[in-house]
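Protein chains: 2
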Amino acid sequence: MAKKIHLNAFTQCSICPQSKGQWKHPLDRSSTGYRDLDYWAEMARTLERGRFDALFFADIHGTYDAYRGTREAAVRHAVQFPCNDPTVIIPALSMVTRHLGFATTYSTTYHPPYQTAKLFSTLDHLSGGRVGWNVVTSYLPDAEKNGLGEVLPHDERYDRADEYMEVVYKLWEQSWEEDAIIRDAKRDIHTDPAKVHEIRHQGKYFDVLGPHLCEPSPQRSPVIYQAGLSGRGMQFAATHGEALFVVFPNTTVCRAYCDRIRQLAVEKGRDPKHLKILIGIAPVVGMTDAEARLKHEEMMKYASAEGALALFGGWTGIDLSKYGPEDTIGHVKSEGMQFLAQYFSSVDATRQWTVREVGEFLSIASVVPVPVGNYRRITDELERWVVEGGVDGFNLLAVDAPGDFTAFVDLVVPELQRRGMLRTEYEGSTLREHYFGEGQRRLAADHPGSGYKRISGVATN
Amino acid sequence: MAKKIHLNAFTQCSICPQSKGQWKHPLDRSSTGYRDLDYWAEMARTLERGRFDALFFADIHGTYDAYRGTREAAVRHAVQFPCNDPTVIIPALSMVTRHLGFATTYSTTYHPPYQTAKLFSTLDHLSGGRVGWNVVTSYLPDAEKNGLGEVLPHDERYDRADEYMEVVYKLWEQSWEEDAIIRDAKRDIHTDPAKVHEIRHQGKYFDVLGPHLCEPSPQRSPVIYQAGLSGRGMQFAATHGEALFVVFPNTTVCRAYCDRIRQLAVEKGRDPKHLKILIGIAPVVGMTDAEARLKHEEMMKYASAEGALALFGGWTGIDLSKYGPEDTIGHVKSEGMQFLAQYFSSVDATRQWTVREVGEFLSIASVVPVPVGNYRRITDELERWVVEGGVDGFNLLAVDAPGDFTAFVDLVVPELQRRGMLRTEYEGSTLREHYFGEGQRRLAADHPGSGYKRISGVATN
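Protein sequences, first through last, are from chains A and B.
If you're matching positions, the first sequence starts at 1 in the numbering used here and goes up one per residue.
If you're matching positions, the second sequence starts at 462 in the numbering used here and goes up one per residue.
In short, the hints are calculated from the structure, not lab data.
Here the structure is a predicted model, which means the values were calculated and not measured.
Quick reminder that beta carbons are idealized off the backbone N, C-alpha and C, glycines included.
Accuracy of the hints is not assured; some may be wrong.
[As the list claims (entries may be wrong)] One-sided excerpt, in silico: chain B residues whose CB lies under 7 Å from chain A:
no., residue
1, Val536
2, Cys544
3, Asn545
4, Thr548
5, Pro573
6, Tyr575
7, Leu580
8, Gly608
9, Thr652
10, Ala810
[Stated by the list, open to error] Once the Cα atoms are required to be at most 27 Å apart in a straight line, the calculated DSSO-like pairs of lysine-lysine come out as:
no., chain 1, residue 1, chain 2, residue 2
11, A, Lys195, A, Lys453
12, B, Lys783, A, Lys186
13, B, Lys647, A, Lys301
14, B, Lys783, A, Lys195
The whole structure should be built from the sequences, with the hints applied where relevant.
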């Protein structure tokens with residue numbers, strides 16, 4: 001039997017978030033749709049029809065201003081600007097679906113853990129246990145200028161984030177016993193005070209007394225997403241992550257990463273199967289190769305290289321405007337540039353990439369691979385990432401939304417199902433069950449969050 | 462023609478929020494409903510059928526522990542605990558309604574203004590301009606123990622809140638020009654960078670650069686709700702408030718307050734009609750007086766005086782457990798007790814209230830008047846508050862939810878409409894238009910937030 005894969009749709013409440021310039025494409029509806037519930041509701045229904053695990057929202061807290069040292073290009077090309085708050089959309093979308101999960105980025109830098117715990121418990125209650133949280137430590141210097149708190153050095157950010165997770169696990173897993181609410185009308189007791197506990201967390205970064213404001217939700221802790229690729233980030237991901245977003249230009253480097261992170265998880269006492277690795281990909285699919293190629297050519301007509309370089313600059317801090325469009329990136333000396341050159345040499349080692357070519361490449365789905373072809377060819381390619389790359393599934397980007405998700409669901413999903421690679425029906429009802437099987441609503445026993453679970457009846461405070 | 466009144470439904474994402482003990486009532490559905498979208502959706506549809514302006518959510522960030530110096534009674538009687546986050550429900554409810562507004566409490570102490578501006582812009586976009594914000598400065602000492610930031614002295618809280626409002630007005634009203642988004646495909650310009658401005662706010666409490674992350678929403682600034690009753694709070698309310706929540710035991714003190722706050726608004730250069738005063742009330746209504754009385758008696762059976770005293774202790778800091786149940790409150794010496802005694806003597810000057818009686822009184826809708834009677838009698842009573850008390854409308858509490866809202870909509874609303882006191886159809890589509898008439902989507906010209914509006918084309922930075 002073929003290995004079942006996982007499908008996540010990746011988006012943001014902004015305009016063609018990863019494919020700059022597509023707002024000009026007649027089929028892209030994100031330019032006004034991003035702020036409209038009907039647009040999101042249609043997308044969620046489509047993804048549920050395609051038996052996706054989840055719809056995921058990235059988020060941002062400032063503007064990108066590395067390119068030319070100004071935010072002008074970011075504003076001009078709508079580079080994740082404007083950007084709305086994704087958390088408030090999730091309950092609305094859970095009303096129009098029954099199984100699809102919803103996850104969002106939420107920053108440990110910009111929100112106190114007590115509030116974050118309340119927010120995700122609420123989302124988990126309202127959605128019936130279908131919520132995930134992509135834990136980010138945040139990196140955008142611009143956010144600091146907007147009064148959102150200090151950006152710590154990279155490694156210290158993760159130390160603080162580890163303690164942050166400890167606080168929220170205590171609130172979600174430890175504060176309320178499962179049977180605390182007894183609704184005993186005779187004795188006039190709604191909730192048994194002996195079963196609701198303070199967490200009394202006192203640490204280097206946080207002092208939080210508790211108890212948690214919310215009663216236990218279906219999943220208690222939301223499904224934890226992670227995207228850490230750096231050394232310290234990988235440690236954090238291997239510790240806390242249940243679903244990992246990764247991006248690699250080819251299956252060889254991907255396989256090496258997967259082996260490494262699974263090994264790290266094992267070292268932390270976790271079953272590596274409890275960590276699902278999802279590779280970013282943006283297939284351009286048609287009934288035929290010719291149709292797919294035409295579609296891709298059409299996309300390229302609207303691509304905005306300058307917008308893509310502004311996005312890239314925001315992510316990396318590298319300002320490619322300093323170089324001429326025909327400069328090859330391999331010759332430019334800077335730490336960031338070397339990283340970039342290495343990345344592009346992995347995409348195609350035979351090419352000397354110019355700045356212009358890099359901008360064009362990034363303008364369609366940024367650094368994510370963009371296979372183009374008929375639905376069987378695309379399915380073959382997905383299978384190859386699973387077999388050779390070692391991934392558990394995919395993090396899908398739509399170049400033009402919602403159309404590219406719809407095409408994937410109409411063309412690729414049935415082929416995946418024919419090959420036995422994708423569920424034809426949901427089994428459990430919570431997001432965690434989509435990933436780990438029916439009945440697995442709560443954190444696995446080997447997840448560090450489970451270590452904070454209270455043994456019923458034994459009150460330690 | 463009779464004066465048209467405004468109707469707001471007041472609730473919280475918690476269990477029988479203001480009427481402790483009603484979770485035992487067979488008709489109260491809040492005990493599980495508060496965390497269920499269907500419960501809220503039904504309530505929103507009912508209120509829209511009743512042509513209400515808005516459904517309002519209070520919120521809280523900690524537990525009440527003044528009573529007996531512990532949170533035990535608060536936990537036992539579900540005194541606004543557990544409590545979910547209300548902000549994320551609003552878009553879901555706007556999907557199942559077309560006109561009803563939604564407002565929520567949101568604290569200037571616990572959230573940075575840049576994020577608050579993003580949240581309310583998102584809500585306003587998703588709901589098509591139907592959002593209001595009850596600005597609170599927060600007072601609960603417990604929240605501080607949960608890492609939510611320092612509670613400043615009362616008056617300084619308002620100084621800080623004034624600066625906070627300046628920041629959010631700048632983000633909402635000034636940062637984006639109306640025609641900034643041009644979608645000029647030919648020149649590859651989505652947004653004109655010359656029309657999106659930094660706000661460069663530097664103040665005593667906040668440094669915020671901007672620009673605002675969100676494009677202008679239908680209302681730009683949400684409708685500003687206020688509940689300030691203290692001296693400094695009244696100043697703040699008269700400055701910023703568009704809708705005011707007030708609570709008074711009788712029309713005489715209410716009229717004095719209304720006159721005073723309208724005068725304050727005039728002194729601040731505002732038309733007093735631009736500030737709608739809504740008195741809290743919890744009518745128990747039946748087809749006949751006998752039916753209403755039976756309903757009230759039934760409610761009283763489930764009332765929990767201890768829960769009510771815990772709620773009251775949380776609000777005021779007064780611990781009434783220190784006194785015997787038969788102690789009369791007029792004789793107890795303490796500043797807070799004198800206030801309480803005065804309040805209850807206004808309710809009924811002929812009575813010597815005991816602590817037990819106070820608990821019983823507060824257990825039904827806390828300090829809000831509870832008229833009991835047939836729908837014509839209740840409508841008479843509402844009319845009396847308008848004519849004698851000088852209010853513009855009502856902030857309705859349901860003792861048992863959603864049933865008491867439904868009864869009001871089925872029995873009182875038609876009577877109000879027959880008397881010409883309530884709209885039969887909505888006119889505008891935004892919340893602000895419900896209060897101030899069709900076409901008034903944005904802050905009035907005499908509102909201080911309007912002072913930050915950018916004159917198009919004149920860029921000051």
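Results of checking the hints against the structure:
For Val536 (chain B), the shortest C-beta to C-beta distance to chain A is roughly 4 Å, which falls under 7 Å, so the interface hint holds. At about 5 Å, the closest approach between the beta carbon of Cys544 (chain B) and any beta carbon in chain A falls short of 7 Å, and the interface hint on this residue holds. At about 4 Å, the closest approach between the beta carbon of Asn545 (chain B) and any beta carbon in chain A falls short of 7 Å, and the interface hint on this residue holds. Checking Thr548 (chain B) against chain A by beta carbon gives a least distance of about 6 Å; that is within 7 Å, so the hint holds.
Because the beta carbon of Pro573 (chain B) sits about 5 Å from the nearest beta carbon in chain A, less than 7 Å, this interface hint is met. This hint holds: Tyr575 (chain B) has a C-beta 4 Å from the nearest C-beta of chain A, less than the 7 Å allowed. With 7 Å as the threshold, the beta carbon of Leu580 (chain B) comes within range of chain A, its nearest partner Cβ sitting at about 5 Å, so the hint holds. Checking Gly608 (chain B) against chain A: minimum C-beta separation of about 5 Å stays under 7 Å; hint holds.
For Thr652 (chain B), the shortest C-beta to C-beta distance to chain A is roughly 5 Å, which falls under 7 Å, so the interface hint holds. Nearest Cβ of chain A to the Cβ of Ala810 (chain B): about 32 Å, over the 7 Å cut. The hint is violated. Proposed proximity of Lys195 (chain A) and Lys453 (chain A) is supported: the alpha carbons are some 13 Å apart, at most 27 Å. Restraint check for Lys783 (chain B) and Lys186 (chain A): satisfied, since their Cα atoms lie roughly 26 Å apart, inside the 27 Å limit.
Our distance criterion of 27 Å between C-alpha atoms is met by Lys647 (chain B) and Lys301 (chain A), whose separation comes to about 12 Å. Our distance criterion of 27 Å between C-alpha atoms is met by Lys783 (chain B) and Lys195 (chain A), whose separation comes to about 26 Å.
Checked against the numbered hints given earlier, the structure breaks only hint 10 and satisfies all the rest.
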